[in-house]
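Student: If you read the protein sequences in the order shown, they are chains Z and B. Heads up: the first sequence at position 119 corresponds to 148 in the numbering used here, and the numbers run straight through without jumps. Heads up: the second sequence at position 41 corresponds to 44 in the numbering used here, and the numbers run straight through without jumps.
These aren't lab readings, by the way, just hints derived from the structure by calculation. Errors might be hidden in some of the hints.
Subject to a maximum C-alpha distance of 16 Å in a straight line, what follows is the list of computed EDC-like cross-link-like pairs (lysine to aspartate or glutamate) [stated by the list, open to error]:
1) B/K95 / Z/D48
2) B/K95 / B/D153
3) B/K95 / B/D234
4) B/K95 / Z/E171
5) B/K95 / B/D181
6) B/K95 / B/D41
Now the stretches of chain Z that chain B is said to cover, found in silico as 3 or more residues with beta-carbon under 8 Å [to be verified]:
7) 114-124
8) 251-258
C-beta: ideal position from N, C-alpha, C; glycine also.
Letter by letter, the chains look like this.
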Amino acid sequence: MLAARALSFGFPGRTIGSDVDLELAAGEAVCLLGPNGTGKTTLIRTLLGLVPPLAGEVRLEGRGLAGWPARERARRLAYVPQAAESYFDFSVLEMVEMGRVAHRGPFGRPTRADRDQAMAALERLGIGSLAARPIHRVSGGERQLTLIARALATGAGAVVLDEPTANLDFGNQALIVEEIARLRSMGKSVLFSTHHPEHALRVADRAVLLREGRVAASGPALAVVTSESLTALYGRPIEVLAVETPAGPRRICVPS
Amino acid sequence: MIVPRARFALTLAASAAALLALAAWSFAVGPFPVAFADVVRALWSALTGAASGVAPNAQAVVVEIRGPRVAAALAVGAALSAAGASYQSLFKNPLVSPDILGVSAGCALGAGLAILLGLPIAAIQALAFGGGLLAVGLVVGICAWIEGRDPLLTLVLTGVVVGSLFGAGIALVKYMADPYNQLPAITFWLLGSFSGALPRDLATALPGIGAGVLAMALLRWRMDVLALSDDEAGSLGVSVRRVRLAIIVAATLVTASSVALAGTIGWVGLVIPHAARLLVGAAYPRVLPLSLVLGAGFMLAVDTVCRVAFPTEIPPGVATAFVGTPAFLLLLAAGFRRSA
Numbered sequence: 030m031l032a033a034r035a036l037s038f039g040f041p042g043r044t045i046g047s048d049v050d051l052e053l054a055a056g057e058a059v060c061l062l063g064p065n066g067t068g069k070t071t072l073i074r075t076l077l078g079l080v081p082p083l084a085g086e087v088r089l090e091g092r093g094l095a096g097w098p099a100r101e102r103a104r105r106l107a108y109v110p111q112a113a114e115s116y117f118d119f120s121v122l123e124m125v126e127m128g129r130v131a132h133r134g135p136f137g138r139p140t141r142a143d144r145d146q147a148m149a150a151l152e153r154l155g156i157g158s159l160a161a162r163p164i165h166r167v168s169g170g171e172r173q174l175t176l177i178a179r180a181l182a183t184g185a186g187a188v189v190l191d192e193p194t195a196n197l198d199f200g201n202q203a204l205i206v207e208e209i210a211r212l213r214s215m216g217k218s219v220l221f222s223t224h225h226p227e228h229a230l231r232v233a234d235r236a237v238l239l240r241e242g243r244v245a246a247s248g249p250a251l252a253v254v255t256s257e258s259l260t261a262l263y264g265r266p267i268e269v270l271a272v273e274t275p276a277g278p279r280r281i282c283v284p285s
Numbered sequence: 004m005i006v007p008r009a010r011f012a013l014t015l016a017a018s019a020a021a022l023l024a025l026a027a028w029s030f031a032v033g034p035f036p037v038a039f040a041d042v043v044r045a046l047w048s049a050l051t052g053a054a055s056g057v058a059p060n061a062q063a064v065v066v067e068i069r070g071p072r073v074a075a076a077l078a079v080g081a082a083l084s085a086a087g088a089s090y091q092s093l094f095k096n097p098l099v100s101p102d103i104l105g106v107s108a109g110c111a112l113g114a115g116l117a118i119l120l121g122l123p124i125a126a127i128q129a130l131a132f133g134g135g136l137l138a139v140g141l142v143v144g145i146c147a148w149i150e151g152r153d154p155l156l157t158l159v160l161t162g163v164v165v166g167s168l169f170g171a172g173i174a175l176v177k178y179m180a181d182p183y184n185q186l187p188a189i190t191f192w193l194l195g196s197f198s199g200a201l202p203r204d205l206a207t208a209l210p211g212i213g214a215g216v217l218a219m220a221l222l223r224w225r226m227d228v229l230a231l232s233d234d235e236a237g238s239l240g241v242s243v244r245r246v247r248l249a250i251i252v253a254a255t256l257v258t259a260s261s262v263a264l265a266g267t268i269g270w271v272g273l274v275i276p277h278a279a280r281l282l283v284g285a286a287y288p289r290v291l292p293l294s295l296v297l298g299a300g301f302m303l304a305v306d307t308v309c310r311v312a313f314p315t316e317i318p319p320g321v322a323t324a325f326v327g328t329p330a331f332l333l334l335l336a337a338g339f340r341r342s343a
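Go ahead and model the full structure; you've got the sequences and the hints to work with.
Tutor: Right, here's the structure in full:
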């Protein structure tokens, strides 16, 4: 779906990362891990085509990202940002309907079908009952779900989430991680960044560890997210433990 | 989802009905009162050319004296409100409007220069447009250069500073103006007034306002995406720069046309879009038409009260400040409370 080859990213005169090879295959979930300030967000913005690469290239479905017309790209590659406060108090349904904007021309008005698609996306995430609620009056977790529903409404096969669990309480973090698993089970290709290695172990097929703008390790999540690699990545001793829960075995990460 | 749509239709219909009633009242009242029936008959004959049967002096008062003034107040109120709603969406900032961004001051400087040079009305409007574009360009450029931590306040403060810079330019224009003819004309026009509106002024200003509002109406289904972060809008497939540029040009053209017509009238462009959002929610496709109607009605009401309620007329540009400043302070307080 989405592939980066020998990618350098950053801004003119300020390279943040380089030599990044990354691949998101159809139907898989890939987790991007790395300490603060290592360039995860800039990498994600480059992968989305929001900033041009300094070197190398990003390909979407085999074609260079810059070669896609904006609307064509938006129908294939969706972005879920961290939920931020906005002054404008749109309803939840209006937010999700904005995911359909690439399906019509510059002057086109949303159709009945657009509304149905938006509603269907809300239903699939189990928040159909919030449709008419103003976005200022839903919880942080529900707001993040709304943004995921918007990504679904675009109809894109690839979804990129930038720290979707940031600023959420513990319960809502678990909820969002489950929804990432659900996106994957719908056949979407999912790339997400997080500060919680456990999230990678929980839902990701593969993990990419980014340190100082370079790929420190990449591969199957269970093989890559280990005590040694996390200790090296974050510069603190970290232990990955296997625990039994009523729902089955889980891996957790603790500072040691 | 039927409910918000029905509510919008109902609100718009009620506002339009109130606007009609207000216009009828405005035509009727004044030192020379005219009966409602005569107002309707006089306007009908002016439109169709048929004989009205209304006394010639009443006919003249309605069509020639009050007609242009009512039309100017409606047009300017609608224009400034539409411009304010557009600036607020595209800058993602509830605190901006043509006057707070310094656009009105830029337009006023351009127009003042044109008056100083004795140029015709079309040139006044063109220079006003140029001055407005220069002001908004400066504000956007300075904000991009500062990259403030609080973009909301950075934009407002930059607008105020650029506005006062252009205000100094206006003061210079006044200083250089001929004190017997030009200075009173410029000063009176800057206060913001519809009493001097002539049909030929309207004929120049209305196409500008119409073109700008048409551009906003055509792009209205993309505007809400612009109110999201630029990254979100870009990833949703909207060419942020192009739409933003188009709307900035449209809103500035609309502002310039209304400044050329009636001078600088503040606060309308700030307050009316908020009133519209309170009534029908944040979606621009609903806020734009309602702002047009509410803005036109508000401006006409203010002008009519200013015209008839006091022993001498008060410039409506002064009166709007009495409504606008407390509204701005309330918004500011609400914004800070939310972020606290």
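Student: If a hint holds in the structure, say so; if it doesn't, say that too.
Tutor: Cross-check of the supplied hints:
A C-alpha spacing of about 36 Å is found between B/K95 and Z/D48, which places the hinted pair above 16 Å, so the restraint is violated. At roughly 12 Å between alpha-carbon atoms, B/K95 and B/D153 fall within 16 Å of each other, so this suggested pair holds. For the given pair, B/K95 sits about 13 Å from B/D234 by alpha-carbon distance, which is consistent with the 16 Å threshold. Annotation: proposed proximity of B/K95 to Z/E171 is violated, straight-line Cα distance about 22 Å (limit 16 Å).
Of the pairs offered as hints, the one joining B/K95 and B/D181 is violated, with about 43 Å between alpha carbons and a cut-off of 16 Å exceeded. Distance restraint check for B/K95 and B/D41: the Cα-Cα separation of roughly 47 Å exceeds the 16 Å cut-off, and the hinted pair is therefore not satisfied. As drawn, the region 114-124 of chain Z meets chain B at 9 residues by the rule of a beta-carbon pair under 8 Å; at three or more, the given contact holds. By the rule of at least three residues with a Cβ nearer than 8 Å to a Cβ of chain B, the coverage given for the region 251-258 of chain Z is violated, with 0 such residues.
Checked against the numbered hints above, the structure violates hints 1, 4, 5, 6, 8; every other hint is satisfied.
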